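J.: Got chain A sorted already, so can you dock chain B with the ligands onto it with the hints?
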Amino acid sequence: MMSAPFLSLQNLQVTFDVRRPGAWPWTPPRKLHAVNGVSLDLAAGECLGIVGESGSGKSTLARAIIGTVPTSGGKILFEGKDLAEMEAGERRAHRRDVQMIFQDPLAALNPRMTVGEIIAEPLVTHFPKTPRAEVKQRVAKLMERVGLLPNLINRYPHEFSGGQCQRIGIARALILEPKLVICDEPVSALDVSVQAQVINLLMELQRDMGLSMIFIAHDLSVVKHISDRIGVMYLGRIMEEGEADQLTTRPEHPYTQALISSVPIPDPKLEKARPREVIVGELPSPMNPPSGCVFRTRCRKAQASCAAERPQVVDLGKGHKVACPFHEAEALLEATA
Amino acid sequence: MYPDKTKMESLVEATNIAEVKGRSLWSDARTRFMRNKAAVAGLVILTAILLFAVFGSLFQAWTHEAIDWKLMGRVSQIGGPSIENGHYFGADELGRDLYARVVQGTGISIMVGVVGSLVAVVVGTLYGATAGFFGGRLDNIMMRTVDILMSIPFMFVLILMLVIWGRSITMLFVGIGLISWLDMARIVRGQTLSIKNKEFVEAAIAVGVSPFTIILRHIVPNLLGIVVVYATLLIPGLIMAESFISFLGLGVQEPMTSLGALIQGGSKQMLYGAWWQITFPLFFFLATLFAFTFVGDGLRDALDPKDR
Ligand SMILES: Nc1ncnc2c1ncn2[C@@H]1O[C@H](COP(=O)(O)OP(=O)(O)O)[C@@H](O)[C@H]1O
Ligand code: SF4
Ligand SMILES: [Mg+2]
Chain A
51 MMSAPFLSLQ
61 NLQVTFDVRR
71 PGAWPWTPPR
81 KLHAVNGVSL
91 DLAAGECLGI
101 VGESGSGKST
111 LARAIIGTVP
121 TSGGKILFEG
131 KDLAEMEAGE
141 RRAHRRDVQM
151 IFQDPLAALN
161 PRMTVGEIIA
171 EPLVTHFPKT
181 PRAEVKQRVA
191 KLMERVGLLP
201 NLINRYPHEF
211 SGGQCQRIGI
221 ARALILEPKL
231 VICDEPVSAL
241 DVSVQAQVIN
251 LLMELQRDMG
261 LSMIFIAHDL
271 SVVKHISDRI
281 GVMYLGRIME
291 EGEADQLTTR
301 PEHPYTQALI
311 SSVPIPDPKL
321 EKARPREVIV
331 GELPSPMNPP
341 SGCVFRTRCR
351 KAQASCAAER
361 PQVVDLGKGH
371 KVACPFHEAE
381 ALLEATA
Chain B
28 MYPDKTKMES
38 LVEATNIAEV
48 KGRSLWSDAR
58 TRFMRNKAAV
68 AGLVILTAIL
78 LFAVFGSLFQ
88 AWTHEAIDWK
98 LMGRVSQIGG
108 PSIENGHYFG
118 ADELGRDLYA
128 RVVQGTGISI
138 MVGVVGSLVA
148 VVVGTLYGAT
158 AGFFGGRLDN
168 IMMRTVDILM
178 SIPFMFVLIL
188 MLVIWGRSIT
198 MLFVGIGLIS
208 WLDMARIVRG
218 QTLSIKNKEF
228 VEAAIAVGVS
238 PFTIILRHIV
248 PNLLGIVVVY
258 ATLLIPGLIM
268 AESFISFLGL
278 GVQEPMTSLG
288 ALIQGGSKQM
298 LYGAWWQITF
308 PLFFFLATLF
318 AFTFVGDGLR
328 DALDPKDR
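For the record, the sequence lines run as chains A and B.
Take 51 as the starting number for the first sequence in the numbering used here and just add one per residue.
Take 28 as the starting number for the second sequence in the numbering used here and just add one per residue.
One chain only, chain B, in its complex shape:
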């Protein structure tokens, strides 16, 4: 039976002292994430790498473009890592400080990944949620467009773009941003279709909440789990794409650099014994990829609705 009034009221008074704070699905997920050792380790490494990329330049003795003339022509003999001359990671074949260049390259590589992924999140989520929510002809048109865009070999087009309009970091961002949201739009649309049929969405429609508000208030928050996971796992892919392009020599322009460009430079110098030129960039490259992947996997396990 429905509890009687007076008892109810005294109970209310007794417990009214503090409003009970709810345990949101997000905080549940955070707890689960923190229990996952590999994911936490990934997060720690990732944080360290981010701090390195952002604040590493404070500790550099040389800028990334300054040439140390003393090393000129003898880099492979005396250009190795050394604390005394300020080249902590050694110098490259032109006598530029590798530490400064790795700091810069790490920053650029992560930025390419994160910006591409952010574009995917914003554009892909809104696009996919709109198509899925309204359905019908609009959905058809929107998703066929995605299909068509997807069937274009993106690496080929990106390389063409860089060749035609010249190599520039902006062009790289534009190119990666243009394609990164396609998969996201598909994933989000599929998820939206299933959320749309939930009764809480129907309840909102019946109350008269506007479609846009329904998308933002009821659909998107319930998609966010999968979006966050996919976005995190997308970053390493984008970093690799950028590195591949840089490896071909079409990426960022000197004197700026990226991990891919540094690895390419380093691979050529390996023959002459300058092992540091490939080791340091490659280490940061792999550490970044693994860290993002571990964090992404951890997020997926933590946010996976099937566990609930």
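Chain A on its own, in the form it takes in the complex:
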């Protein structure tokens, strides 16, 4: 695992230009820092979870990796190659190797195309000469693999449930046998009962196909089952990163601790006894984030020095990193584990 990482993000930045409506065309736009210096590594075959509130820049991070938004700083190294320096051919191969599964399963499928056409699109795009019979056969096989009846190949997306639509999205992402699959909140829009099915399917597929995976969610409880490692994101930055077990049982960063304690515990007795700590207030605007530590406006441990400069990342060993000098493990869940 210590060799060159499969995917490496180095101080990645993504900025959007935001124009005030009605402003003169020549007034410079304001900058929105959606992703603000993220460094993460992903080993081959590993599943990295990304958690954070809505608006913390998770989707933007995913888009930067698949290359649908331009980066404004830092590097994305895919198998050691810089994405920004890839030539057209390599870029094409990269598009083949990295696929994405979207949050809104129905919106991710063109309502005018049949399921078969949707799943086949990546294959037909990259290998236009594939005979039709073979395309159809591969689509049918994959539909079966993701738990859809292959004879529904001529149906349209609106004839399926949310969970089934997500399976269609998964099949589309897998038809090119990619190396990396990015799942952007793949279950947030689904019923709780269906969430588990889809997550199980993703775990199975990841294991069987040896996929590397980035699994994004706003809820730690969803991520911790599927991920080997987890990164906690807040306002475009990584607050804490570590192995899933370590991070969920002994969180070091005040934000992670707050996230974990906001998850209800099913046992009412323990639920009452546990230290409760709700994150108060709103997520600050990424247009002008707080100086120093971006979490300081909502942090219960915040000190005067937190406003001065961006906190150093402290390495606690075993890949556990935390961006807070005042970290301290809190055995929040030990009682419940």
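Hints are computed from structural coordinates only; laboratory data are not their basis.
Do not rely on the hints blindly, as some may be mistaken.
[Unchecked claim] Computed footprint of chain A on chain B, listed as stretches where at least three residues anywhere in the stretch have a Cβ under 8 angstroms from a Cβ of chain A:
| hint | region |
| --- | --- |
| 1 | 215 to 228 |
| 2 | 233 to 239 |
[To be verified] The calculated SDA-like cross-link candidates involving lysine to any residue, where the alpha carbons are at most 20 angstroms apart (straight line), are:
| hint | chain 1 | residue 1 | chain 2 | residue 2 |
| --- | --- | --- | --- | --- |
| 3 | A | LYS81 | A | GLY105 |
| 4 | A | LYS351 | A | GLY367 |
| 5 | A | LYS81 | A | ALA143 |
| 6 | A | LYS186 | B | VAL47 |
| 7 | B | LYS223 | A | VAL119 |
| 8 | A | LYS229 | B | GLY235 |
| 9 | A | LYS125 | A | ALA143 |
| 10 | B | LYS48 | A | PHE210 |
| 11 | A | LYS125 | A | VAL363 |
| 12 | B | LYS223 | A | ASP67 |
| 13 | A | LYS229 | A | ASP147 |
| 14 | B | LYS48 | A | VAL185 |
| 15 | B | LYS223 | A | PHE66 |
| 16 | B | LYS97 | B | ILE110 |
Since this is a predicted model, take the numbers as computed values, not measurements.
Note that the Cβ used here is the ideal one computed from N, Cα and C, for glycine as well.
T.: For chain B with the ligands alone, kept in the frame of chain A given last:
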């Protein structure tokens, strides 16, 4: 849980006999359209009028330019509708067969509407979709051009064109084609902007589908509903524009005619009691307009995504 393998396979075998045919959004819309009585009535009338315009000439006893000398000078007395002399709709003031002329005029009027509308569909859709999809500076330039073209009083320019380069049906088509796509381009661009932000378009971009294919495969089919509706509702407007120009005497040239020209001719003869000269063209004119409008409204209700 994800169903277990063997069960799944037996289920697949059991249902594999026939692939299930999907219900596309189009077939849904067709069902809804067919339930709309006014729209279906409009469609029936429209079909009848189209058949009349295309095949009506097979039944005519006179051509549209032949003059029946027997009626010369006495059209308002003996030129009325009659089966015996072959003038089913009567004759005009020159003794020409009105039936043949209405068949011809209906054909020309519908053609002006349909051709103008087709130009709007092809040019307007591609133009608007391109501007909306690429956005940024290109969009700005393209849409400001449309704004400028739109601010030109089109009827005035068309009349000038007809006066300067002479009256001809080609000039009429060119003139109507030039302006008819502007509104369409705007509508399509607005719609494209909203479709472009849908995740399925992002999925296609991420996969590496080329921009042109994305426009044709993902954007245009999702626009088609609104395009079809707008195109249908555009036709009556264009027919009226042509009629107005013909009414001013600047439209199609004799011996060809259009409904507008016939109505104009008829309105002058009303004084002399030749009521048929205005009644028949006016009937076909109004029936065509209503039929297109009903069909367009029906299509709009059937294709309206809000109902879904
Ligand atoms: N295309 C865009 N233009 C401008 N701002 C954007 C764009 N996409 C996302 N943002 C902003 O970037 C921030 C992060 O958004 P996002 O990555 O979607 O967060 P998350 O997925 O974690 O909810 C938000 O403040 C959002 O408003
Ligand atoms: S650096 Fe300060 S404000 Fe930021 S998390 Fe640590 S204690 Fe809280
Ligand atoms: Mg998101």
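J.: So if I understand the rule, the pair passes when the alpha-carbon distance is 20 angstroms or less; does LYS223 (chain B) with PHE66 (chain A) pass?
T.: holds, 18 angstroms
J.: Mind checking the alpha carbons of LYS125 (chain A) and ALA143 (chain A) for me, to see if they're no more than 20 angstroms apart?
T.: At roughly 18 angstroms apart (the allowed maximum being 20 angstroms), ALA143 (chain A) and LYS125 (chain A) satisfy the hint.
J.: Straight-line Cα separation of LYS97 (chain B) and ILE110 (chain B) no greater than 20 angstroms?
T.: Within the cut-off at roughly 16 angstroms; holds.
J.: Is it true that the CA of LYS81 (chain A) sits at most 20 angstroms from the CA of ALA143 (chain A)?
T.: With a Cα-Cα distance of about 32 angstroms, the restraint between LYS81 (chain A) and ALA143 (chain A) is violated, given a limit of 20 angstroms.
J.: Hey, LYS48 (chain B) versus VAL185 (chain A), does the alpha-carbon distance stay inside 20 angstroms?
T.: Holds, because 18 angstroms separates the two Cα atoms, which is no more than 20 angstroms.
J.: Straight-line Cα separation of LYS223 (chain B) and ASP67 (chain A) no greater than 20 angstroms?
T.: Within the cut-off at roughly 18 angstroms; holds.
J.: Decide if the proposed pair is consistent with the structure: LYS81 (chain A) and GLY105 (chain A), CA atoms, cutoff 20 angstroms inclusive.
T.: Holds: LYS81 (chain A) and GLY105 (chain A) sit about 15 angstroms apart, inside 20 angstroms.
J.: For the region 233 to 239 of chain B, do at least 3 residues have a Cβ located nearer than 8 angstroms to some Cβ of chain A?
T.: holds (count 4)
J.: Given the hinted pair LYS223 (chain B) and VAL119 (chain A), is their alpha-carbon gap at most 20 angstroms?
T.: This hinted pair holds, its Cα atoms lying about 14 angstroms apart.
J.: Need the status of pair LYS229 (chain A), ASP147 (chain A): alpha-carbon distance at most 20 angstroms?
T.: holds, 5 angstroms
J.: Checking one constraint from the list: CA of LYS351 (chain A) to CA of GLY367 (chain A), max 20 angstroms. Satisfied?
T.: violated, 23 angstroms
J.: Given the hint that LYS48 (chain B) pairs with PHE210 (chain A), does the C-alpha gap stay at or below 20 angstroms?
T.: holds, 13 angstroms
Of the numbered hints listed earlier, those contradicted by the structure are 4 and 5.
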